[in-house]
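Just so you know, the sequences run in chain order G, Z and W.
Using the working numbering, read the first sequence as starting at 49 and increasing by one per residue.
Using the working numbering, read the second sequence as starting at 49 and increasing by one per residue.
Using the working numbering, read the third sequence as starting at 49 and increasing by one per residue.
It cannot be assumed that every hint is accurate.
Identical copies go unnamed one by one, so any copy, or any two together, can satisfy a pair.
[Unchecked claim] Mimicking PhoX-like on lysine-lysine, the simulated pairs with C-alpha atoms at most 20 Å apart in a straight line are:
hint: 1; residue 1: K210; residue 2: K261
hint: 2; residue 1: K210; residue 2: K271
hint: 3; residue 1: K127; residue 2: K210
hint: 4; residue 1: K210; residue 2: K179
hint: 5; residue 1: K142; residue 2: K179
hint: 6; residue 1: K220; residue 2: K66
Quick caveat, the hints were computed from the structure, so don't treat them as lab data.
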Amino acid sequence: MDKTPKNINLGKNVVIEKDVTIGENVTIGHNTVILRGTKIGNNVQIGANCVLGIKPLGNNQMRKADTYYNHLVIKDFVKIGNIVSIYLGTLIDKHVFIGDHASIRENVTVGENSVIGRASIIELNSKIGEKCTIQTLAYVTGDSILENNVFIGPCVSMSNDKYMGVHPYKLKGPHVKEGAKIGNNASLLPSVTIGEGTIVGAGAVVTKNLEKKQIVAGVPAKKIKDIQ
Amino acid sequence: MDKTPKNINLGKNVVIEKDVTIGENVTIGHNTVILRGTKIGNNVQIGANCVLGIKPLGNNQMRKADTYYNHLVIKDFVKIGNIVSIYLGTLIDKHVFIGDHASIRENVTVGENSVIGRASIIELNSKIGEKCTIQTLAYVTGDSILENNVFIGPCVSMSNDKYMGVHPYKLKGPHVKEGAKIGNNASLLPSVTIGEGTIVGAGAVVTKNLEKKQIVAGVPAKKIKDIQ
Amino acid sequence: MDKTPKNINLGKNVVIEKDVTIGENVTIGHNTVILRGTKIGNNVQIGANCVLGIKPLGNNQMRKADTYYNHLVIKDFVKIGNIVSIYLGTLIDKHVFIGDHASIRENVTVGENSVIGRASIIELNSKIGEKCTIQTLAYVTGDSILENNVFIGPCVSMSNDKYMGVHPYKLKGPHVKEGAKIGNNASLLPSVTIGEGTIVGAGAVVTKNLEKKQIVAGVPAKKIKDIQ
Numbered sequence: 049m050d051k052t053p054k055n056i057n058l059g060k061n062v063v064i065e066k067d068v069t070i071g072e073n074v075t076i077g078h079n080t081v082i083l084r085g086t087k088i089g090n091n092v093q094i095g096a097n098c099v100l101g102i103k104p105l106g107n108n109q110m111r112k113a114d115t116y117y118n119h120l121v122i123k124d125f126v127k128i129g130n131i132v133s134i135y136l137g138t139l140i141d142k143h144v145f146i147g148d149h150a151s152i153r154e155n156v157t158v159g160e161n162s163v164i165g166r167a168s169i170i171e172l173n174s175k176i177g178e179k180c181t182i183q184t185l186a187y188v189t190g191d192s193i194l195e196n197n198v199f200i201g202p203c204v205s206m207s208n209d210k211y212m213g214v215h216p217y218k219l220k221g222p223h224v225k226e227g228a229k230i231g232n233n234a235s236l237l238p239s240v241t242i243g244e245g246t247i248v249g250a251g252a253v254v255t256k257n258l259e260k261k262q263i264v265a266g267v268p269a270k271k272i273k274d275i276q
Numbered sequence: 049m050d051k052t053p054k055n056i057n058l059g060k061n062v063v064i065e066k067d068v069t070i071g072e073n074v075t076i077g078h079n080t081v082i083l084r085g086t087k088i089g090n091n092v093q094i095g096a097n098c099v100l101g102i103k104p105l106g107n108n109q110m111r112k113a114d115t116y117y118n119h120l121v122i123k124d125f126v127k128i129g130n131i132v133s134i135y136l137g138t139l140i141d142k143h144v145f146i147g148d149h150a151s152i153r154e155n156v157t158v159g160e161n162s163v164i165g166r167a168s169i170i171e172l173n174s175k176i177g178e179k180c181t182i183q184t185l186a187y188v189t190g191d192s193i194l195e196n197n198v199f200i201g202p203c204v205s206m207s208n209d210k211y212m213g214v215h216p217y218k219l220k221g222p223h224v225k226e227g228a229k230i231g232n233n234a235s236l237l238p239s240v241t242i243g244e245g246t247i248v249g250a251g252a253v254v255t256k257n258l259e260k261k262q263i264v265a266g267v268p269a270k271k272i273k274d275i276q
Numbered sequence: 049m050d051k052t053p054k055n056i057n058l059g060k061n062v063v064i065e066k067d068v069t070i071g072e073n074v075t076i077g078h079n080t081v082i083l084r085g086t087k088i089g090n091n092v093q094i095g096a097n098c099v100l101g102i103k104p105l106g107n108n109q110m111r112k113a114d115t116y117y118n119h120l121v122i123k124d125f126v127k128i129g130n131i132v133s134i135y136l137g138t139l140i141d142k143h144v145f146i147g148d149h150a151s152i153r154e155n156v157t158v159g160e161n162s163v164i165g166r167a168s169i170i171e172l173n174s175k176i177g178e179k180c181t182i183q184t185l186a187y188v189t190g191d192s193i194l195e196n197n198v199f200i201g202p203c204v205s206m207s208n209d210k211y212m213g214v215h216p217y218k219l220k221g222p223h224v225k226e227g228a229k230i231g232n233n234a235s236l237l238p239s240v241t242i243g244e245g246t247i248v249g250a251g252a253v254v255t256k257n258l259e260k261k262q263i264v265a266g267v268p269a270k271k272i273k274d275i276q
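With the sequences and hints as input, model every part of the structure.
Pasting the structure below:
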């Protein structure tokens, strides 16, 4: 740690590597590991057995870094549960809540007041807006865009690789627009756009772009009605 | 720890906070954290890197507490794997088995001889009966009721929020009755009831209540036949 | 540890039990636990808060051991993320990459150059070939066979228990043949065979054996076309 923070509440066996900065009134649970280059704001709560600030391991296709690349930045009033892993190069904005067992990769931004659910996974290069809810065990693939006020139900699945590893292909995840809602266990295919305010039913498989303000369901997903 | 338990087999770097009680013949793996107010019975086995007795963080909608609210209670002969998280206010009854990476929230009861699978998640306020099997990566949402002898296949998904966070709405999870079986990766919508002994096929999406002793499948789930 | 390895890079609070062997140029992250009987090759990287070499707990139906049974064997150049759990009796071959939060049971083999994704689960007795990709949150059930060059998309689900715990029944997982690809969130039923090079669409539910070189989709999965 660069210098001793004010009012820190440190658990037992906590490991804090060098080049870490920690604000005031921070709680860090037992056995949590804060790796090199992590920047923690004020009034942050972190649970036990987390690993924060992970350096990517063996990823040769990694994109060019953005501003935050060399640091994990955790802003004020963030709450992080237990057994969570988060990578370097990611920004967790103010008042975000991250559930237990969640994992967030490098070069991700999570906007203010969003909730990253228990055991959900956010892959690299994804942008999550403000006031989003990502529910338990949901999977946000790499290179996804979730605008503000998006709701991703539990166990939702996304993919970003149209050719499943065969062709050389620019990976592109879904783009879920403002206020759209995805029901539990729905599947979104690579690069689909979900229009503003559109609702995708539970278990639906979205294979192509959806207009705004629709309700869709089924396999493959079809429009049931427009939202007035 | 309140007093030294008999025949305890403690791993390295184990953290045990105050107001914890531990019975006889208990094993606790390396780096496991037992938080304040946890009550562990006799002949309990706990793996490494677990966090037990977690206090809920930032949940303003939390319901009124039941009897167990201030404690996590783990009864005799329970076996808990590695990297597991369990909250305060929950009761794990005798001979329950909890797989690695599982997470169980507050105000849950798990009945005798039930199995909580690897990386499965049980959300708050849910009641799980006796001799139930919750398989790997299954998701039991909050406010669910699973009666005795229920089988939840791997990767099953449930939800409890009909309006996905929009309307003010009393959350209600599924009610799965005695002996019902849910196939792998099926989805149950908020508040559906699954009748006694009914079988839901793999990948089915259950959108409304199901009578007892049926076999259903598809999206949305439809009856295939009655069980004689 | 049997003897001090050359050029080991050990984190803080690492626990290494006896009868562990470690090769040259190995990195082990903070708070990781290496249990008795683990054999680690050269140039292996292991993240923080892992538990490796776990002895199965309370599994009475366990099969006869194979050669590796009493050890977890991790070969040269393997990379393991953070918060990973792996059991005894399993072989992780050269150049395998294992993502964070993954869990691999006993009596599994993972072939050279395969990738086991983040938070994916591989159950006991499964055989995974070379150059396979198992993506994030995918579930490979017990007694599965994945041949070489298989691609399992994110959140894919498999099962191996046709009668969901009722009948006495020999468990049998899917057999996915050389080069087959399974789309995200698809479900494979017990004992189905997926032919060489066949592609299963996202969200499909595979209820019976599939010939080679087909594209299938839907619930239940039906052939869309042959692959030329």
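Hints numbered earlier in the text: which of these fail when held up against the supplied structure? 3 and 6
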